[in-house]
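Trainee: So the chains spell out like this:
4 protein chains.
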Amino acid sequence: MNFDDLLTEEAKKIIRETLDVKKENVNEAFAAQPKQVSVKTDFLSSANVQNHVELYEDYIEKFNNTSAKLDSVDKSSVNSNHSGFRSIKIDETFNMNGAYLHELYFSNIGDAQSRISMDSLSFMRLNRDFGTFDDWQRDFIACGKASRCGWVVTYLNMYTQSYMNCVIDLHSENVPVGMYPVIVMDLWQHAYYRDYLKDSDAYLSAMMKQLRWSVIEKRFEKADRILNIIRGA
Amino acid sequence: MNFDDLLTEEAKKIIRETLDVKKENVNEAFAAQPKQVSVKTDFLSSANVQNHVELYEDYIEKFNNTSAKLDSVDKSSVNSNHSGFRSIKIDETFNMNGAYLHELYFSNIGDAQSRISMDSLSFMRLNRDFGTFDDWQRDFIACGKASRCGWVVTYLNMYTQSYMNCVIDLHSENVPVGMYPVIVMDLWQHAYYRDYLKDSDAYLSAMMKQLRWSVIEKRFEKADRILNIIRGA
Amino acid sequence: MNFDDLLTEEAKKIIRETLDVKKENVNEAFAAQPKQVSVKTDFLSSANVQNHVELYEDYIEKFNNTSAKLDSVDKSSVNSNHSGFRSIKIDETFNMNGAYLHELYFSNIGDAQSRISMDSLSFMRLNRDFGTFDDWQRDFIACGKASRCGWVVTYLNMYTQSYMNCVIDLHSENVPVGMYPVIVMDLWQHAYYRDYLKDSDAYLSAMMKQLRWSVIEKRFEKADRILNIIRGA
Amino acid sequence: MNFDDLLTEEAKKIIRETLDVKKENVNEAFAAQPKQVSVKTDFLSSANVQNHVELYEDYIEKFNNTSAKLDSVDKSSVNSNHSGFRSIKIDETFNMNGAYLHELYFSNIGDAQSRISMDSLSFMRLNRDFGTFDDWQRDFIACGKASRCGWVVTYLNMYTQSYMNCVIDLHSENVPVGMYPVIVMDLWQHAYYRDYLKDSDAYLSAMMKQLRWSVIEKRFEKADRILNIIRGA
Numbered sequence: 001m002n003f004d005d006l007l008t009e010e011a012k013k014i015i016r017e018t019l020d021v022k023k024e025n026v027n028e029a030f031a032a033q034p035k036q037v038s039v040k041t042d043f044l045s046s047a048n049v050q051n052h053v054e055l056y057e058d059y060i061e062k063f064n065n066t067s068a069k070l071d072s073v074d075k076s077s078v079n080s081n082h083s084g085f086r087s088i089k090i091d092e093t094f095n096m097n098g099a100y101l102h103e104l105y106f107s108n109i110g111d112a113q114s115r116i117s118m119d120s121l122s123f124m125r126l127n128r129d130f131g132t133f134d135d136w137q138r139d140f141i142a143c144g145k146a147s148r149c150g151w152v153v154t155y156l157n158m159y160t161q162s163y164m165n166c167v168i169d170l171h172s173e174n175v176p177v178g179m180y181p182v183i184v185m186d187l188w189q190h191a192y193y194r195d196y197l198k199d200s201d202a203y204l205s206a207m208m209k210q211l212r213w214s215v216i217e218k219r220f221e222k223a224d225r226i227l228n229i230i231r232g233a
Numbered sequence: 001m002n003f004d005d006l007l008t009e010e011a012k013k014i015i016r017e018t019l020d021v022k023k024e025n026v027n028e029a030f031a032a033q034p035k036q037v038s039v040k041t042d043f044l045s046s047a048n049v050q051n052h053v054e055l056y057e058d059y060i061e062k063f064n065n066t067s068a069k070l071d072s073v074d075k076s077s078v079n080s081n082h083s084g085f086r087s088i089k090i091d092e093t094f095n096m097n098g099a100y101l102h103e104l105y106f107s108n109i110g111d112a113q114s115r116i117s118m119d120s121l122s123f124m125r126l127n128r129d130f131g132t133f134d135d136w137q138r139d140f141i142a143c144g145k146a147s148r149c150g151w152v153v154t155y156l157n158m159y160t161q162s163y164m165n166c167v168i169d170l171h172s173e174n175v176p177v178g179m180y181p182v183i184v185m186d187l188w189q190h191a192y193y194r195d196y197l198k199d200s201d202a203y204l205s206a207m208m209k210q211l212r213w214s215v216i217e218k219r220f221e222k223a224d225r226i227l228n229i230i231r232g233a
Numbered sequence: 001m002n003f004d005d006l007l008t009e010e011a012k013k014i015i016r017e018t019l020d021v022k023k024e025n026v027n028e029a030f031a032a033q034p035k036q037v038s039v040k041t042d043f044l045s046s047a048n049v050q051n052h053v054e055l056y057e058d059y060i061e062k063f064n065n066t067s068a069k070l071d072s073v074d075k076s077s078v079n080s081n082h083s084g085f086r087s088i089k090i091d092e093t094f095n096m097n098g099a100y101l102h103e104l105y106f107s108n109i110g111d112a113q114s115r116i117s118m119d120s121l122s123f124m125r126l127n128r129d130f131g132t133f134d135d136w137q138r139d140f141i142a143c144g145k146a147s148r149c150g151w152v153v154t155y156l157n158m159y160t161q162s163y164m165n166c167v168i169d170l171h172s173e174n175v176p177v178g179m180y181p182v183i184v185m186d187l188w189q190h191a192y193y194r195d196y197l198k199d200s201d202a203y204l205s206a207m208m209k210q211l212r213w214s215v216i217e218k219r220f221e222k223a224d225r226i227l228n229i230i231r232g233a
Numbered sequence: 001m002n003f004d005d006l007l008t009e010e011a012k013k014i015i016r017e018t019l020d021v022k023k024e025n026v027n028e029a030f031a032a033q034p035k036q037v038s039v040k041t042d043f044l045s046s047a048n049v050q051n052h053v054e055l056y057e058d059y060i061e062k063f064n065n066t067s068a069k070l071d072s073v074d075k076s077s078v079n080s081n082h083s084g085f086r087s088i089k090i091d092e093t094f095n096m097n098g099a100y101l102h103e104l105y106f107s108n109i110g111d112a113q114s115r116i117s118m119d120s121l122s123f124m125r126l127n128r129d130f131g132t133f134d135d136w137q138r139d140f141i142a143c144g145k146a147s148r149c150g151w152v153v154t155y156l157n158m159y160t161q162s163y164m165n166c167v168i169d170l171h172s173e174n175v176p177v178g179m180y181p182v183i184v185m186d187l188w189q190h191a192y193y194r195d196y197l198k199d200s201d202a203y204l205s206a207m208m209k210q211l212r213w214s215v216i217e218k219r220f221e222k223a224d225r226i227l228n229i230i231r232g233a
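These protein sequence lines map, in sequence, to chains A, B, C and D. Take the first sequence: its letter number 226 is residue 226 in my numbering, and every next letter is one higher. Take the second sequence: its letter number 85 is residue 85 in my numbering, and every next letter is one higher. Take the third sequence: its letter number 19 is residue 19 in my numbering, and every next letter is one higher. Take the fourth sequence: its letter number 197 is residue 197 in my numbering, and every next letter is one higher.
Treat the hints loosely; a few may be bogus.
Copies of the same chain look alike in the list, so a pair counts if it works inside one copy or between any two.
Capping the alpha-carbon separation at 20 Å, the derived lysine to aspartate or glutamate pairs in EDC-like fashion look like this [to be verified]:
#, residue 1, residue 2
1, Lys40, Asp111
2, Lys75, Asp135
3, Lys209, Asp135
4, Lys198, Glu61
5, Lys222, Asp199
6, Lys75, Asp119
7, Lys40, Asp135
These aren't lab readings, by the way, just hints derived from the structure by calculation.
Extracted from the complex, chain A is given alone in its bound form (with noise of 0.2 Å):
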């Protein structure tokens, strides 16, 4: 297999580019920060937002955590049934989605002037995917009401082509393989129980009313260009 038969000129300039972002510590667990988190919103009270912003921040360190653990744990005697490896693993998946997700929600929510316009990329494709723009509504709203504390994620989807929903329970539990996620939008009870008791559906209203379409328009962006890549053009 020879490098320069291989790929295309593209390619190779994009290789030649990507070798240059040097991963200096290659053995060192990968460290994540949290992000500076600001959500105003008449629709949620200071103490949920807080409080939640506290729940985001452990996710990072628990990913850090087992990232950091990965790094040193025996990996010769690795069993299915029951291991150090195994458990590990599993969790880091569970806290990183955990941490992800709550960045993607937190900033594409709390938008009061939020509008999308009709010549917007976001409505476009969300209008060619579903139907209509109404139909992604329904859709996104019904793939909420679903979700037994999880998530409901409008993703790009890498196998069929197309944006689509998907209910997500928990972080990590009925996610699709190859999603690139463009909204997202937190069902757990401690996202709405302080201000809205058991009425999700009044909660999940009030957030749809102020997604923040100018963070979600940039993501479509991005997420039209991969698919671009993975229909290899």
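Please arrange chains B, C and D on chain A, whose structure you already have, making use of the hints.
Mentor: Just chains B, C and D, lined up with the frame of chain A:
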């Protein structure tokens, strides 16, 4: 929000191009076609392979089946404790993952002339993100042994922006959000029990000797280009 | 196989007695009635309790709902990847556990005069099987902290023939086979978020101060008699 | 709370008797011994049976392993996102169920002279709670087909106070709380793949022809006595 202001020229070009990809029947369910599968290897009996392909075809059938049902199921009275929408939606993801992972698996095994070149992108990336190529191999095997009727996958992690391995149980448990799969190995008992009984280690070793690196290389090329987009290039 | 030879006199007597318990409508679905719930405690707000009872009533409704559907759903073309029977059957267990655990929970908390006597069976059994009563308490609290939207339960384990604690996620994950529950605590976020936000430790401590030991004692009495039967007495 | 006031004479007698069952080493982990397994049937190859028994022995080993670790693991800093206690506790239940279900399975199959008598308790109870014996069989087979790498179990349901079938995935998902198992069938792929490949229906039919009703009858006798206790007799 204005279309022209928001997007770079490149993004607009991509959008115009992809808008040409017409989805004529937006309301019709996605209907996947089973791919032709041909796995020739001394390490698996033909009875085993033949049965495995039939299992894959059932995932395709059930994915189409659930996808079609979701077009007409009631979305107004959905709830998380029990509703047709939830059940079908969860099973859509299960079968979609089952179909997708099997396609990736079948096409990346069974290469009797398997060789990985040290100047391939695959080698360089595994080397960079796991420490050494051997470290990747050890981690991949450990993940394989840890999987409880499921999969081990090397994937581009869009959150950490690096290549990682994950342990999936069944098809949709413990799945990382934001993953692009590049190397896929089936660890369900149906993959090896006929030929290896409970000796999944022997099966895994055999399979890894015949990874189809030419196919994997193309996935890494796409993954690296996706990574560039994620990083904002 | 002969009725008279197989059974002891005692067994025959029991059989004759229980045969009198007529189930008149064998083909009709089991229809559970929600029990009257009255939880009075300074440790939970009435809004919290009221919402919690309504959640419980929904589990009852959904249990009856799934149970009724199972009487008429097609059983000839069932499969594990996707079928109505599977979905409804899984949800029957989920909602049945949700209903049962809530009934056990509501009736074993909120006793402001809570005291456990050292000569009670509860005390003697916890003492015997956990080392000391305090050891039981430490283990129970640890299980409570470990639960991921679920339950901690002290139960008679029919396999080990001893009392143990378990950590249940949601309602039906990580559930021991062959358990008879005696002490039940709800650790879903809906149980405490309104009043304690994410401080589940404070909630758990408060609840344990008001365990209704009179109710628990009766459960231990039954459990011990069951244990005698399991042991072949 | 007073010992003498609380208990019936019968309960006191039982308590006094069972107190004699001394547990000498309360702080030591439960250490299970693998039971001798002998399954002789034309429907399973000896390679299959031999491998199956070895899988069972690993569950016993891992159950003892987790149980021992729980004696010394830190219980003060447990949390639900990631902690050693949680991981080991979850795996204890997984392996305990794996061990228990396999014991029940091995001992209730492989009876070449299998016959169920119409005047047996087994027959009468299945008949009573499922409508007819054939209805039980249809439901049991449907549950078997619905199981996703798991089990189908006929059990006494202590909540509904009747016999039901359930579909368990893996060993500890979708397990009813308060169940006493009476008929147990393994539907993991390891149970049949060697001999039947993906034709689990043929495997299930074969197994059901050789259910060991003499063993099952004794379980029903115990179950019925347990039911009497639950009912407050």
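Trainee: Next step is simple, just say for each hint if it's right about the structure.
Mentor: Hint by hint, here is what the structure shows:
1. Lys40 with Asp111: within (8 Å within a copy, 41 Å between copies)
2. Lys75 with Asp135: between (48 Å within a copy, 10 Å between copies)
3. Lys209 with Asp135: This pair counts as within: shortest intra-copy Cα distance 16 Å, inter-copy 48 Å.
4. Lys198 with Glu61: between (29 Å within a copy, 16 Å between copies)
5. Lys222 with Asp199: Cα proximity of Lys222 and Asp199: none, with 34 Å in one copy and 39 Å across.
6. Lys75 with Asp119: neither (52 Å within a copy, 27 Å between copies)
7. Lys40 with Asp135: Neither: 28 Å inside a chain and 45 Å across chains, both beyond 20 Å.
In terms of the numbered hints stated before, the structure departs from hints 5, 6, 7, listed from lowest to highest.
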